[in-house]
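Trainee: Use these hints to put chain B onto chain A, whose structure you have.
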Amino acid sequence: MTGRKILMDFEVTPTSHTLEAYAARGGYQALAKVLREMKPAEVTKEVTAAGIQGRGGASFPAGRKWQVVDPDDGQPHYLLANADEGEPGTFKDRWLLEHVPHKLLESMLIASYALCVRNCFVYIRGEFDLPYRRLAAAVEEAYAAGYFGENILGTGFSCDIYVFRGGGAYVCGEASSLLSSVEGTRGYPRNRPPRLTVKGLYQRPTVVNNVETLSNLAWILKHGAGEYRKVGTEKSPGTRLISISGHVNRPGVYEVECGYPWKKFLDEDCGGILNGRKLKAIIPGGISSQVLPGEVAYGLELSHEALWDVNSSLGSGGMIAIAEGTCMVRLLQVMLRFYHHESCGQCTPCREGMGWAHRVIDRIVAGKGRPEDIDTLIHISKFNDGTTICGLGDAAGYATVDFIKHFRDEFEYFIEHKRSKCDGRLECLPEVAHA
Amino acid sequence: MKHLIPEFEAIKKRLPAEGHSTLVLPCLHRIQEDRGYIADEDVDALVEYLGVPRIQIEEVLTFYTMLRRRPIGRWHLQVCRNVSCSMRGAERLIDHLSRKLGVAPGQTTPDGRITLSTVECLGSCGTAPVVMVNERYHELQDEQSLDKLLGELEQP
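Protein chains in written order, with this note's numbering: chain A, 2 to 436; chain B, 4 to 159.
Chain A with its partners taken away, still in its complex shape (with noise of 0.2 Å):
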């Protein structure tokens, strides 16, 4: 068991994503209970009190987001909840869009109601099949019960909801670039300032959260910020949905509390590693927070201010374990390419810089590597830090600077010997016995 439970708190049936199942479980009584008895600005603060920090990758304190948005000013409002997952390794939203829709739905309501909205939309990869039917079917459901439309349950509240599909672009996950998709235009970010809760979606106060930041809301409004203040540590309260892939004997979803032990988490939760190999490293919330190598992270708990002491994050709760073996030349070059292939080619160093990263990685990897690439790609991530608009070449450059940081012998040996230190392996096979 990894702690308390707030969003996978029932059992998974055939029917527990449906709105008869989620209304037995209590579902949509905190909307009642928001909309009868409090008022938008005590919602906020109720929000702002529990401290609860966004689950997309960035860990901002959802409430102070909030409070920018001045639910009085007259002019229209709007609540994009961020289901563009797509950062490698992060499968979590995605358990939420198929097992609880109508928590993320029930939740918006109430950050609706909050943020004076009156319109609101969930952005949704493209190639999410399921999750998008079983959302869409929740909507449908929703409306019917009177939860969206005109005077919702009789309170003068109004809202209504849509389900916009992206169009298979990562940039767009980038808050301010998935509001440029829902305008209607190339997914390109924006510069801040203005921040998007001042000019956002067709230039109004505009808020975006991710789904798991969202989803956690109705669990809180329900029984208070000092309640959620209770689970997880002082600094990271409640809990994380972790989605582990990668050489772990059980991967999957989980809902771990805040300040749980990584080592009993990876060993006896996930049932530790593959074959029963070593862990060689580990990419703890998305391939764009930085990797750590094994024996640091079984020393950590599972927390923001744990992972911020070794210049890591919890990130997007995306995990991805690495087992004794794997070829971290091999393993960049994937990385390097998925960046250059989407990078949205709005700045020059991102656009570029990319584009070398990629060349110089899957030169090495072809064995025509020079012994000066690895300050070429050094140079390169570091030249892209804060020079472009959004975070993705910075993020790439992180991921490129601290590969080489912990496991630079293996670049080094590839150059020189024109393979891999470790056969070139990504993959964690059984060892077969030499006869």
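The hints are simulated quantities; they were obtained by calculation from the structure and are not laboratory data. Every residue gets a Cβ at the ideal spot worked out from N, C-alpha and C, and that includes glycine.
Some but not every residue of chain A turned toward chain B, in silico, with C-beta under 10 Å:
hint	residue
1	161
2	166
3	288
Using C-beta positions, here's what the derived DEER-type ranges look like:
hint	chain 1	residue 1	chain 2	residue 2	range
4	A	196	B	42	37 to 43 Å
5	B	103	A	138	35 to 41 Å
6	A	262	B	9	54 to 60 Å
7	A	26	B	65	41 to 47 Å
8	B	73	A	363	24 to 30 Å
9	A	59	B	114	47 to 53 Å
10	A	225	B	14	34 to 40 Å
11	B	5	A	11	42 to 48 Å
12	A	34	B	108	50 to 56 Å
13	A	364	B	8	49 to 55 Å
14	A	156	B	14	24 to 30 Å
Mentor: Frame of chain A, contents of chain B only:
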């Protein structure tokens, strides 16, 4: 595209009045679902219907990888090759499919039945490797399950 306009009008009822260009991507998705790709006449019709500049539609069409301007095979096999899938054997699967179908990723079989593509992370890392067949996910794949899958795809 014109026969889809009543559907587009229905979507508008749940959208804010000030965001008419929000319909660009939903319309393109629906047209592609209907025809299999987006033809020039669809772009003409959408420009007229939404009243947005043609260049905006063209930009969107070239930006989003899911949108197509040309027809592809009846079956679209997309193999994820990102980190978690590669760590669970995606590279072997791509080679296997390539050999078996006689086409490289990005190509369609000569009979026009199957298009093979590689994609980046599909959010199915815990059940890697994943292969998408048209819009459906097929998870935890290996060579044997893919052979079975290929056999089950209906004949032309």
